[in-house]
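Using the hints, put the two standalone chains together into the complex.
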Amino acid sequence: EVQLVESGGGLVKPGGSLRLSCAASGFTFSDVWMSWVRQPPGKGLQWIGRIKTKFVGGTPDYAAPVKGRFTISRDDSKNTLYLQMNSLKTEDTAVYYCATDFGESSFGSWGQGIRVTVSS
Amino acid sequence: QSALTQPASVSGSPGQSITISCTGTSSDVGSSNLVSWYQQHPGKAPKLMIYEGSKWPSGVSNRFSGSKSGNTASLTISGLQTEDEADYYCCSNAPSNTFVFGTGTKVTVL
Chain A
1 EVQLVESGGG
11 LVKPGGSLRL
21 SCAASGFTFS
31 DVWMSWVRQP
41 PGKGLQWIGR
51 IKTKFVGGTP
61 DYAAPVKGRF
71 TISRDDSKNT
81 LYLQMNSLKT
91 EDTAVYYCAT
101 DFGESSFGSW
111 GQGIRVTVSS
Chain B
1 QSALTQPASV
11 SGSPGQSITI
21 SCTGTSSDVG
31 SSNLVSWYQQ
41 HPGKAPKLMI
51 YEGSKWPSGV
61 SNRFSGSKSG
71 NTASLTISGL
81 QTEDEADYYC
91 CSNAPSNTFV
101 FGTGTKVTVL
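Residue numbers (this note's numbering), protein chains in the order written: chain A, 1 to 120; chain B, 1 to 110.
The shape of chain B in the complex, shown without the other chains (with noise of 0.2 Å):
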């Protein structure tokens, strides 16, 4: 099972907005709508912001935002925030019951 492709780098003014891409295969992200997000800063362990593709954990803000598309889901940042500063991983079910995770994206507040 590949890891699903994420570009490496995206960046953003305070108070734009960004958007970073996960694509899969029609037997991952195409057949799931079970996509999560997860934000990991240096040294710490990853933080769930997005689940079941599109919902909100408690807690995590709604200028984080998910869809898909296809065999792509989207990971959208709202009025982005110099604390935004961090990796994104995107993460599927996939098939024989297990989990595919992204390539990661590091996403950087100018």
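Chain A with its partners taken away, still in its complex shape (with noise of 0.2 Å):
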């Protein structure tokens, strides 16, 4: 059974920074590429980025709103995914998912999400 369970977050200030790990089992993670989503509080899913596959690069895409600021990375050794998150502004307050890409574009499994608050 796949499962997915992120970790890291809480509260922290604006400007600063936190990092997200996102633990799996029950596939071969190496074998697949990789998202964050994130949820703010009352509104809808935001895609954050993804990361490839080393056997394809290995390297990473990201929206718009967090480019330069958020970094993706994985540790197939692991079995663990990460989000890096520097510069925090109040408006990345939110529920962050990891989630398998399945397909070519969709998101298969999920994981239970964690809270980030960015707040003075």
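Where hints are given, some of them may not hold.
Estimated spans, in silico, between C-beta atoms of each pair [said to hold, decoys possible]:
hint, chain 1, residue 1, chain 2, residue 2, range
1, A, Q3, B, S96, 43 to 53 Å
2, B, P42, A, S120, 25 to 35 Å
3, A, G15, B, S27, 46 to 56 Å
4, A, V2, B, S54, 21 to 31 Å
5, A, S30, B, S13, 41 to 51 Å
6, A, V2, B, R63, 22 to 32 Å
7, A, S87, B, G79, 43 to 53 Å
These are calculated hints, taken from the structure and not from any lab test. Remember, it's a predicted structure, so these values are computed and weren't measured experimentally. Beta carbons: idealized from backbone N, C-alpha and C, even for Gly.
Next up, the structure:
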């Protein structure tokens, strides 16, 4: 059974940094492209970015609002996905989900989500 | 990249069919056969319901069906059931290897 467990969330001041982790199990992590999606309180889903497998270069892509501030990485030896968030803004407050890519363009399995609050 | 436009709410009685629209542009929905749909119950993670426009992941009921015409994708729920009450989001790939979600639709079963 696919399992994704996010950790590392919490309260951080504007301008601060935080690193989220997503521990994966139940599938061959190194074979799967992975994404991060967030959901601000009471609002809709927002795609943040994704990282390809090492087999095709392991490169990430990002949504415009986070490009240059957030970095997605993966450690296939630890079956773990990361999201390094720098220069955090109040509008980054959200529940953050990691998800497996499914097919060509969708997100098949999701973690339970982790809350990040950016506030002074 | 602006969010895809969905109606804020759609409702129907048990057993009825409802359709949720998802309108984008020629740069996303209009040029993609890869629209996906997600169901989200309150406090829960989203669940993939339709991928690549009209395909079902394993375990998803065929009461859910997807289609597209021009810049608008649609999700139809047939034989509406109480457990279908949830928020629904569409998603399309977009320029520069990115993705864009819809604004979300709250489905109410009357």
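Right, here's what the structure says about each hint:
no. : hint                         : verdict
1   : Q3/A <-> S96/B: 43 to 53 Å   : 31 Å, violated
2   : P42/B <-> S120/A: 25 to 35 Å : 29 Å, holds
3   : G15/A <-> S27/B: 46 to 56 Å  : 33 Å, violated
4   : V2/A <-> S54/B: 21 to 31 Å   : 23 Å, holds
5   : S30/A <-> S13/B: 41 to 51 Å  : 48 Å, holds
6   : V2/A <-> R63/B: 22 to 32 Å   : 24 Å, holds
7   : S87/A <-> G79/B: 43 to 53 Å  : 49 Å, holds
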